[in-house]
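Visitor: Mind docking chain B on chain A? Use the hints.
If you want the building blocks of each chain, they are given just below.
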Amino acid sequence: MNKIVAMAAKDIHILFRDKLGFFFTVFFPLMMAIFFGAMFAGLSRGPANIPIALVDQDRTSASERFIERLGQASGLAVEQIPREEALEQVRRGRTAVMVTLTPGFGAALDNPFVTTPEVEMTVDPTQFAVAGMVRGVLLEAAGAELQDLMSDPARLGAANSQNSLFFESLPPSDARDQMLTFLDLSPRVSSLIDEMGLGAATGGNQGFGPPLEIEQTEVQAERPGPTNSYATSFAQAMLWTLIGGSVSFSMSIAIERSRGTLMRLLVAPITARHLLAAKGLACLGATLFTSTALITLGITVFDVRPTSYPLLALALLCGSICFCGIMMALSVIGGTEQAAAGIGWGLSLPLSMLGGGMVPLFLMPEWMQTLGNISPMKWTLMAYEGAIWRGFTLNEMLLPCAVLVAIGVLAFTLGARNLRWDTG
Amino acid sequence: MLVFDHVSKSFGDLRAVDDLSFEVEAGEVFGLLGPNGAGKTTAINMAVGLLEPDEGVVRFADEAFDRDPRDAENRRSLGLAPQSIALYEQIGGADNLRFFGRLHGLRGTDLEERVVACLDFADLTDVGKKVVSKYSGGMKRRLNLAVAIIHDPELVLLDEPTVGVDPQSRNAIFERVEQLRDAGKEVVYTTHYMEEAQRLCDRVAIIDRGRLMALDTVPALIEAHGGPGNLVVRTGDSESRHETTDPLGTLAELQARQAVDHFQYLPPDLETVFLNLTGRALRD
Chain A
1 MNKIVAMAAK DIHILFRDKL GFFFTVFFPL MMAIFFGAMF AGLSRGPANI PIALVDQDRT
61 SASERFIERL GQASGLAVEQ IPREEALEQV RRGRTAVMVT LTPGFGAALD NPFVTTPEVE
121 MTVDPTQFAV AGMVRGVLLE AAGAELQDLM SDPARLGAAN SQNSLFFESL PPSDARDQML
181 TFLDLSPRVS SLIDEMGLGA ATGGNQGFGP PLEIEQTEVQ AERPGPTNSY ATSFAQAMLW
241 TLIGGSVSFS MSIAIERSRG TLMRLLVAPI TARHLLAAKG LACLGATLFT STALITLGIT
301 VFDVRPTSYP LLALALLCGS ICFCGIMMAL SVIGGTEQAA AGIGWGLSLP LSMLGGGMVP
361 LFLMPEWMQT LGNISPMKWT LMAYEGAIWR GFTLNEMLLP CAVLVAIGVL AFTLGARNLR
421 WDTG
Chain B
425 MLVFDHVSKS FGDLRAVDDL SFEVEAGEVF GLLGPNGAGK TTAINMAVGL LEPDEGVVRF
485 ADEAFDRDPR DAENRRSLGL APQSIALYEQ IGGADNLRFF GRLHGLRGTD LEERVVACLD
545 FADLTDVGKK VVSKYSGGMK RRLNLAVAII HDPELVLLDE PTVGVDPQSR NAIFERVEQL
605 RDAGKEVVYT THYMEEAQRL CDRVAIIDRG RLMALDTVPA LIEAHGGPGN LVVRTGDSES
665 RHETTDPLGT LAELQARQAV DHFQYLPPDL ETVFLNLTGR ALRD
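One line per chain: the protein sequences are A and B, in this order.
If you count the first sequence from 1, position 255 lands on 255 in my numbering, and the numbers rise without skipping.
Take any residue in the second sequence, count from 1 to its spot, add 424: that is its number in my numbering.
Just chain A, same shape as in the assembly (with noise of 0.2 Å):
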């Protein structure tokens, strides 16, 4: 038993001893259990922190009341603006989704016996989650509207009127007449349950519809966009081709330096920035390949219709120069093929989540969200989505590509600087 204890104690002292080990095994695991707890507090407070566009083309008072109601219910962050402006912040992945109040909601809202109140509801297709839980809380604004109406004599009584002025128009028939009692008795309704002495036990809407009709839409209805689930599947798939290019890059200097080759090539009549422009070359030239490699597959396979060709290229080209950046950043932080592996992973794999790369932006805490500026997966997928399927002009190609570039040259720098040189 002593030599079993004697000989775990000394592996737990090893793995102690070696600094990237013990990363994996406390540092990150603690690392994680922050990052998603963060995140899930956000979403233990409610959905508050999904923004949702609303247009109101209706502008009445109930349509204005409904507003107020989205705006205190937990789970969304209502921004009221005009309609396109709407429209451009879902195309760019600014916010989920838009809704529309269209003219006649707030008439419906109040009298929702004859007419559904109706709203429009435009979607990134890539947030269908954020959209369901959206739609959860519209529909629970509108029934909170008509659980209000129903214990409002005065209100009821007022849609009823207005109701029976026009059945009253229609021809007289027996199911005309029941229908006037009827609403002359709706007024009524919740103080004769009251004197049943059932209270809550009913509800006050039982009998009627849905309280809101919810017609969703998708931004593409009305711009081109992607054809398929796999115009995001791809630019994912393209991100991650770009994280495993770099930190296998970053590797490679470690293991020039390990295999004695380094020494060779420092004694070959180069410059040391020979050696950096070919190390980068071909991290930006795999890369490149790669990325380039799997979204033709995507056109051709599975269907994927980038919206601009050119911009494609143009964000294949600049999330190239940003990774192959990252990846001598890190072939400094790593002086093993072991360290340069690990702390490459164990960056990327944050940075990804920060930038959007595994759980969707929106579910995040604000704060965390604009921590995700500082991820160059967010930018990256930014750019390739916008290239893809969101349709993006040159002009809104352009601050993704800038960050991206600004990104790639830091991190060159940086890295370049600091790279040692020395072969033991």
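Hints may contain errors.
Claimed, not checked - Not the full set, but computed from the structure, chain A residues with beta-carbon under 8 Å of chain B:
no., residue
1, G260
2, P269
3, I270
Stated by the list, open to error - These stretches of chain B come out as covered by chain A in the derived footprint (C-beta under 8 Å, 3 or more residues):
no., region
4, 471–480
5, 523–533
Claimed, not checked - Just a sample of chain B residues kept apart from chain A, beta carbon distances all over 12 Å, derived:
no., residue
6, R499
7, A505
8, E513
9, F598
10, E602
Calculated directly from the structure, the hints in this document are not laboratory data.
Here a beta-carbon is modelled for each residue, glycine too, at the ideal position from N, C-alpha and C.
Guide: Okay, now just chain B, sitting in the frame of chain A:
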């Protein structure tokens, strides 16, 4: 000509090379011997420009050696076979030679001729296309040496080129080194194996703790630092060992006292010189 002129190099408090001076002539195999940590690798790294001396000058071909390893010019004249097998194992032997040849500026038919010559030099012509990972240890060692001479350099530095190889491959490497000498190259050869140095090296420098302890031809070193030889005498069941500079005289004295059944004289060798100069204490 490679010249070390009062060269010193320190790493923190450790003086790895201390006032080291020597010259290597063309057509000479120059042995650099020393125990672990003596400063051999530091000296090699300074010779190829990977390290900059703190004091003194390392020169090559009578011109000041540019110590910046990024300056390419002087490196065209030297080739290094590192102690570790420094090859790309995923590609073929010929492709390794081709790659390093291109780095040294070889192109076209010149390059292909050198590749063929170096494969022949390393006796790897038949397996030139085979990936290096499939090579035996001896084949890798020979290719490691061939890569160092792909660009036909004037100075070849071989850092323990026979580590971990079988006697046949070791002998093959000896022959290749002798070929280089015969071709007029300067060869700097570091090793822990004294019999290799004794066989191959025209002159040997023994360094310890960064300092040059002795430098001369092997016979001269033995003469100066070898001390007496050993006369081993067996009489009946007993065997005795006698240090002597006059084995015949000593043997006669012993015969006069008692009949000697068997004797063997062990003259001093390079290992004796090495141990006499660097001591018998273990080095870590």
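Visitor: Each of the hints needs a verdict: does it hold here or not?
Guide: Hints versus structure:
1. A hinted interface residue such as A/G260 counts as satisfied when its beta carbon comes closer than 8 Å to some beta carbon of chain B; here the least separation is about 3 Å, so the hint holds.
2. Look at A/P269: its Cβ gets to within about 4 Å of chain B, closer than 8 Å, so that hint holds up.
3. Checking A/I270 against chain B: minimum C-beta separation of about 6 Å stays under 8 Å; hint holds.
4. For the region 471–480 of chain B, the stated coverage by chain A holds: 3 residues have a C-beta nearer than 8 Å to a C-beta of that chain, and at least 3 were required.
5. A count of 4 residues in the region 523–533 of chain B with a Cβ less than 8 Å from any Cβ of chain A is obtained; the coverage claim is therefore met, three being the minimum.
6. A cut-off of 12 Å between C-beta atoms contradicts the statement that B/R499 is not in contact with chain A; the least separation is 4 Å.
7. Remark: the non-interface label on B/A505 conflicts with the geometry, its nearest Cβ contact in chain A lying 9 Å away (cut-off 12 Å).
8. Taking the minimum C-beta to C-beta distance to chain A, about 8 Å, the non-interface status of B/E513 is violated against the 12 Å cut.
9. Even its closest Cβ contact with chain A, about 22 Å, leaves B/F598 beyond 12 Å, as expected for a residue assigned away from the interface.
10. Look at B/E602: its CB is around 24 Å from the nearest CB on chain A, clear of 12 Å, so calling it non-interface holds up.
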